[in-house]
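Protein chains: 2
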Amino acid sequence: MSASGDVQLPIGVFDSGVGGLTVLNAIRQRLPNENLIYLGDTARVPYGTKSALSVTRYAEQAAKALIERNVKMLVIACNTASAVAIEPLQYLYPDIPVIGVIGPGADASCDATQSQHIGVIATEGTVNNQAYQNAILERLPSASVVAHPCSLFVALAEEGWHNGDLVKQIVEACLEPFRHVDHPMIDTLVLGCTHFPALKGVIGEVMGDAVSLVDSAEITARAVADRLQIDGLLNIGAVKGEVQFLVTDGPTRFARVAQHFFSDPIPASEIQLVDIQHFAH
Amino acid sequence: MSASGDVQLPIGVFDSGVGGLTVLNAIRQRLPNENLIYLGDTARVPYGTKSALSVTRYAEQAAKALIERNVKMLVIACNTASAVAIEPLQYLYPDIPVIGVIGPGADASCDATQSQHIGVIATEGTVNNQAYQNAILERLPSASVVAHPCSLFVALAEEGWHNGDLVKQIVEACLEPFRHVDHPMIDTLVLGCTHFPALKGVIGEVMGDAVSLVDSAEITARAVADRLQIDGLLNIGAVKGEVQFLVTDGPTRFARVAQHFFSDPIPASEIQLVDIQHFAH
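Going line by line, the protein sequences match chains A and B. Just so we're aligned, residue 3 is where the first sequence starts under my numbering, counting upward by one. Just so we're aligned, residue 3 is where the second sequence starts under my numbering, counting upward by one.
FYI, nobody ran anything at the bench for these hints, they're computed from the structure. Any given hint could be a false lead.
Identical chains blur together in the list; that is why a pair holds if it fits in one copy or across any two.
Under the rule of at most 20 Å between Cα atoms (straight-line distance), these lysine to any residue pairs were calculated in the SDA-like manner [to be verified]: (1) 66 - 279; (2) 170 - 153; (3) 202 - 217; (4) 170 - 154; (5) 66 - 280; (6) 242 - 9; (7) 66 - 31.
Generate coordinates for the entire structure from the input sequences, incorporating the hints supplied.
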């Protein structure tokens with residue numbers, strides 16, 4: 003049996019920092035038996051304002067660190083990295099499944115829309131790369147897709163500004179472009195950054211009940227489960243899986259900010275500091 | 003004459019990204035004859051939420067890139083890097099002056115205060131390191147210093163959210179700790195992050211006329227001029243100096259965001275992309 007065929011091997015999940023914990027959370031809830039390794043590249047977070055070249059390089063280094071730990075699958079739990087680096091990573095690691103968050107998010111938004119007017123909010127990098135726009139149009143060529151960056155939401159989510167009047171006013175200002183008369187009214191909005199589910203309540207209030215919000219964390223977890231099943235890689239019947247955390251900087255801050263994104267406390271003492279910046283690219 | 007004795011050599015200025023352009027601007031206005039090289043470590047921005055260990059490493063790599071370009075002086079135009087890395091850099095480069103923004107900021111706040119109650123707003127890294135607190139108490143042992151992180155201000159400054167009612171409400175919420183009854187009323191507030199001068203107008207409105215704002219950009223420029231004069235390194239009588247820009251990622255984004263921090267447009271085509279992450283540390 004090849005290493006990648008060992009069902010007990012962990013699933014490797016990486017993100018630029020803490021945001022990907024929303025994806026890890028969803029995977030753990032759906033697949034409690036799986037062993038998981040999460041890597042947050044906190045030494046270089048955020049990816050969302052950096053160039054495709056740098057993000058691809060960082061994603062390759064993060065993936066390498068997980069591959070060295072013998073994972074059976076790679077999950078890119080970061081929209082920006084999924085947008086630019088999924089193809090290079092699938093090319094580099096053809097023997098294991100490599101899953102990003104864009105494909106599942108595009109699937110879900112095409113399922114959800116009736117008017118075929120879909121909005122996307124994401125980081126600058128994801129919007130500029132047009133990854134969601136292209137992925138949605140591949141699936142639903144007649145759709146109209148409007149994407150806008152909402153960089154402020156990342157800071158709000160990390161600072162724990164998740165609700166209240168002031169947060170609602172900020173969210174209204176950032177989502178203003180979707181309410182311009184020159185844009186068709188959308189009926190589906192993709193939360194195209196792993197930080198944004200922290201603001202889901204307020205975003206829902208601002209956009210109203212007529213707009214479905216697509217949260218890529220839950221959908222990606224489903225895609226992970228489906229793919230493991232197809233490949234015969236599910237860790238069925240085992241005891242509860244273990245979760246291991248790696249960061250490239252600041253375990254203490256990671257542990258503190260993680261509480262906004264992960265359902266259980268993560269003690270800083272259980273977070274391992276790793277250096278991936280020296281990996282050749 | 004040693005290389006560092008050549009008055010025509012440029013002054014090297016570095017920051018985590020665009021914020022240090024406020025310092026560069028002030029140096030250029032005060033010393034128009036000087037040649038300047040600015041390095042923004044945009045591949046790893048921000049420094050303010052990263053650990054002292056990582057920021058010191060990044061600062062050493064940035065300094066090395068400037069030293070290789072034969073600068074006559076190093077200016078750390080980033081509060082977080084000044085807080086943690088000035089001593090290592092002074093040790094590494096004893097032959098040239100190395101100036102940070104914390105010392106000049108502390109000097110100016112001690113000059114400005116009458117009540118000896120001084121407030122500091124900065125990034126998490128600068129606050130946690132207690133650099134301003136220590137620097138002010140060294141100069142004025144009887145002072146009381148209250149420091150609070152205002153991480154959201156960085157995002158507001160970069161997004162161009164510099165004024166208006168909503169920005170004022172956000173600034174009020176962030177500065178709330180300075181208006182608690184259990185804190186003595188401050189009469190001086192240090193803007194301890196190079197991004198914050200972009201919000202100076204609103205911060206002034208919120209704090210009121212009774213509170214002096216200390217903007218480290220202007221004060222650091224004065225310290226640079228004083229030190230060059232003392233060392234006989236001023237480039238007197240020369241033609242207008244040249245300014246060169248280096249970034250570690252994304253010249254296009256740098257050029258765009260720079261408009262919020264620098265008085266002249268910087269064409270992306272004039273910004274050179276450099277790699278410093280491979281430098282040994």
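Hints, one by one, checked against the model:
Taking the shortest alpha-carbon separations for residue 66 and residue 279, both the intra-copy value of 11 Å and the inter-copy value of 17 Å come in at or below 20 Å. Taking CA atoms no more than 20 Å apart as the test, residue 170 paired with residue 153 passes in both settings, with 15 Å inside one copy and 19 Å between copies. Taking the shortest Cα distances, residue 202 and residue 217 sit within 20 Å of each other inside one copy (8 Å), while across copies they are farther apart (37 Å). Taking the shortest alpha-carbon separations for residue 170 and residue 154, both the intra-copy value of 13 Å and the inter-copy value of 16 Å come in at or below 20 Å.
Taking identical chains as interchangeable, the C-alpha atoms of residue 66 and residue 280 lie at most 20 Å apart whether they share a chain (11 Å) or sit on different chains (17 Å). For a Cα distance limit of 20 Å, the shortest separation of residue 242 from residue 9 inside one copy, 14 Å, qualifies, whereas the shortest one across copies, 67 Å, does not. Taking identical chains as interchangeable, the C-alpha atoms of residue 66 and residue 31 are never at most 20 Å apart, the minima being 26 Å within one chain and 47 Å between chains.
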